Amino acid sequence: QQQVKQSPQSLIVQKGGISIINCAYENTAFDYFPWYQQFPGKGPALLIAIRPDVSEKKEGRFTISFNKSAKQFSLHIMDSQPGDSATYFCAASIEGYGGSQGNLIFGKGTKLSVKP
Amino acid sequence: DAGVIQSPRHEVTEMGQEVTLRCKPISGHDYLFWYRQTMMRGLELLIYFNNNVPIDDSGMPEDRFSAKMPNASFSTLKIQPSEPRDSAVYFCASTSHSPDIWGYGYTFGSGTRLTVV
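First to last, the protein sequences are chains A and B.
For the first sequence, counting from 1, position 82 maps to 82 in our numbering; every step adds exactly one.
For the second sequence, counting from 1, position 77 maps to 77 in our numbering; every step adds exactly one.
Don't read these hints as lab results, they were simulated from the structure.
Honestly, I wouldn't trust all of these hints.
[Said to hold, decoys possible] Heads up, simulated SDA-like pairs for lysine to any residue below, C-alpha to C-alpha not over 20 Å straight-line: (1) A:K111 x A:A70; (2) A:K111 x B:V89; (3) A:K42 x B:L46.
Here the structure is a predicted model, which is why all the values come from computation and not from measurement.
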């Protein structure tokens, strides 16, 4: 119930293409769904986040799509660039208002390589 | 702010030795987390603190692992005795929660790469 399942494990995309990473969860109490980006030798960094009352959130070339009924959410990277090559983690937690009720549960990560 | 600061960046130690990892969270953050990252298991939460108090240590693998947060600006993760299977990258992260703000991003340090030989 506490797991977040992420796929694929690795992804190779041509420059300019669309990168899509998918995540699924079981715990319907989750109400905060962030994506983190990690470059080699660095810690993960918050990229974008969504809450379950919104079906889509866009920030530049990065978009989160959220399907509450299917308990799935995905990250889309439009016009993928070699600089986007990194490992991406989805996560979920029970946050909401009033402070944290838990901690972030991370997916296993997707290693994205964008070929020039 | 310099972000979350971890030390050392790299640690190589022999099996059976004590290892201490250190973390300085962002000033004003009231939550601190210790994660372990491996290829096989991904990012695993080991323990987290709220206002210097340990809240959940269910992720600590065994009694060889201990963590302390003596004050708001410092935390340690200790492994005694260390074993080769403890080799991993250990991350510290911090965040701040407020009842007026939805959703809180964690700020991670750059990690400590531990190798136990």
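Hints versus structure:
| no. | hint | verdict |
| --- | --- | --- |
| 1 | A:K111 x A:A70 | violated (24 Å) |
| 2 | A:K111 x B:V89 | holds (17 Å) |
| 3 | A:K42 x B:L46 | holds (19 Å) |
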